[in-house]
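J.: First to last, the sequence lines map onto chains A and B. Its first residue numbered 1, the first sequence is counted upward by one per residue in the working numbering. Its first residue numbered 1, the second sequence is counted upward by one per residue in the working numbering.
No wet-lab data here; the hints were simulated from the structure. C-beta: ideal position from N, C-alpha, C; glycine also. Some hints here could point you the wrong way.
[Said to hold, decoys possible] Pairwise CB distance ranges, derived in the manner of DEER restraints:
1) A/E207 x B/D73: 54 to 62 Å
2) B/L7 x A/E210: 56 to 64 Å
3) B/A9 x A/K145: 40 to 48 Å
4) A/G9 x B/E187: 40 to 48 Å
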Amino acid sequence: MAYTKRFDGRKFDETRKITAKVGVVPNADGSAMFSFGDTVAIAAVYGPKQLHPQHMQNPEKGILRVNYQMMSFSVSERIRPGPSKRSTEISKISEWALASSTLLDEFPNTVVDVHIMIPQADASTRCAGINAASIALAHAGVPMKDFVTSVSIGKMDKQMVADVTKEEEDYEEGEGATDIAMSFMNRSENLVHIQLDGKISAKELKEAVELGRKTCKRIYEIQKKALKDVKDMEEKNDK
Amino acid sequence: MIEESNLTAKRIHEYLEHGNRFDKRDPEEYREIIIECGISKKSEGSAKVKIGKTEVWVGVKMEVAEPYPDSPDKGNLMVTAELTPLSHPKYEYGPPKFDAIELGRLVDRGIRESRYIDLNKLCITEGEKVWQVFVDVYSINDEGNLLDAAFIAAIAALKDTKVPFYDKKEEKIDYEKPSKEKLPLTENEPFNFSVYLIGDKFIMDPTQDEESASDGRLVLALTPTKPISICSMQKSGEFEISEVKFSEILDSVEKVHKTIFPRVQKLIKSSVKNGK
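Just chain B, with the same shape it has in the complex:
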């Protein structure tokens, strides 16, 4: 079993030496992306995203809560991810393990640091009551690059979100009352790139086998300013990276962002429209 996967990893390295991948994609090429919003009626907003055979579902729920002491006039954001045993035999039940915690934190950081959600507008009474936005991620089928899929699904679900009706006098939320109030979002829509390092090459949108064969990944969230800004980043895994390689990756994500970001934006837009 171990020998077999070592062989696969070796092959992936050999292929990449010539710029090739098993499924004939270019190193920076994504698989087909499918987005569907409004997949769960009880959520405030929801979306499922498929990248190739990888599938992730995200739902947004909102509650009224106390603000954090250091941001009394801002709404709260909380991202939780579950890597479900339904989606791959390697996942197990029990308290969240590092992979799930990291995934939630990376999605959280990209959304938070981009200031994509206008949290100031989610304050109800300063210091007392604010909206709490829960973004919950569930893996349905993990065939690699769960993080980018989860990120796109989170953005799509936020765009699909309607703020529920809150009765200030009664201090109660009426989830059943239809709402047209959209979540306050800004222009800074983040897009996440997980760049996987394999030997001295790097690829985007890895399959499960490619992920296992990699040394680690560099995760970057970009916002569409001019020029492009990087709003969060994390090197994840035990590997070394030269400054030259690092610049190459930055150039590459900036280049790929130009085509994939408008494409994904368009997909989300038509799906949000279809869902309503």
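The following block holds chain A by itself, in its conformation from the complex:
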């Protein structure tokens, strides 16, 4: 059976309902919540601030440090609190993706900390996390040369789909499911992160990347709007 209709009735290139909200953690320098349907991510940014221990400092520029964590109750089987191999890897790939957009040359010996939390998961949590973190970085006023947006593209049997759910991730018919998480810079349109699990031809992978790039453009508009809304509100409050 080919995958001719999505489990939740979405169009193939349609994401789940996206919500983006800025300023969810008042203590932080910048923060945001981002969700793809039932997948929710919260990100908070602290910094630039002095980096300790001192030997980790870079006298040339500030560094970006990302930590991704799922809440224990975000999935059916409770996750033990504390870091895992998975969360350690996702933290790093998110860091790589986001670091290429930030300009920290002016802040030697400092660190910008990005904390990502997942309170509810239905696949694509790393993408939601990166999207929340991008907004939070901009909200914190961290200098950026471009803006990172992330999405997961799936290949269900032979069909490309945007923004994969857990149910789709577990699809086993035909060629099964291939899950490709990727992140793009908005302006340069360069890839800053890509991961793949499954089986896919080079030609199909090119198609998947193209779909990812186009989808990210639309997600970016929602991220931008959330930031603009909060800026307008703050300006109004100042008056």
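Put chain B on the given structure of chain A with help from the hints.
T.: Only chain B this time, still in chain A's reference frame:
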């Protein structure tokens, strides 16, 4: 930096001498409380609680496990708290530090000693299989009084909890199957007070600055019996307290309980209803 915070602490002391606080609250007055249940679909029950700018999320997960040897016919309760670096720059990653351990233990003790969860009803096969209830606390924004917020959120999450479907033959839990079975809870709903001692005064619901300016706290969980009972208590911090002051605090929490407990109960009730 240190001098600055010393100045703030000094000011807090001076204000309190006249019964005043920076945000104009009375010493026993709480900030606005907002409760929202059902915030995470994969949990058995969940809630977020805001007290002023402080925000805590709590989720309940249930598993089938072996009972503890000293309670073969009772379910297990485990409370874990994480003070996340997301919620305040003073927190760091790594193994839980004392603050997080104490917070988890205080929430655990209040719930356990009140016998709010009827653990006897969570026994599946005596000596072999019982339900294990995990209550996990995450700080989202710490602007003081995290403990009372966490406690309210834990109670709200427990009220929101549905016991998942357990297939005895297959010995498997089906988390996806919708369940209507509520967690067995009793009338003894505990409410926690963290009373902060500042000089010879005391306050409730402190802000972050007030917490730092305090000498320590007295933590009490009360259950709504007649008269009110205290089911757990802990003096936390290095300070001395006179018997007179101690009685004053007891009178005070008993008085405040009369108004805040029904208020919070009502908030939880309407939120649990909205969530379902």
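J.: For every hint, state whether the structure bears it out.
T.: Structure-based check of each hint:
no.: 1; hint: A/E207 x B/D73: 54 to 62 Å; in the structure: 59 Å, holds
no.: 2; hint: B/L7 x A/E210: 56 to 64 Å; in the structure: 59 Å, holds
no.: 3; hint: B/A9 x A/K145: 40 to 48 Å; in the structure: 43 Å, holds
no.: 4; hint: A/G9 x B/E187: 40 to 48 Å; in the structure: 45 Å, holds
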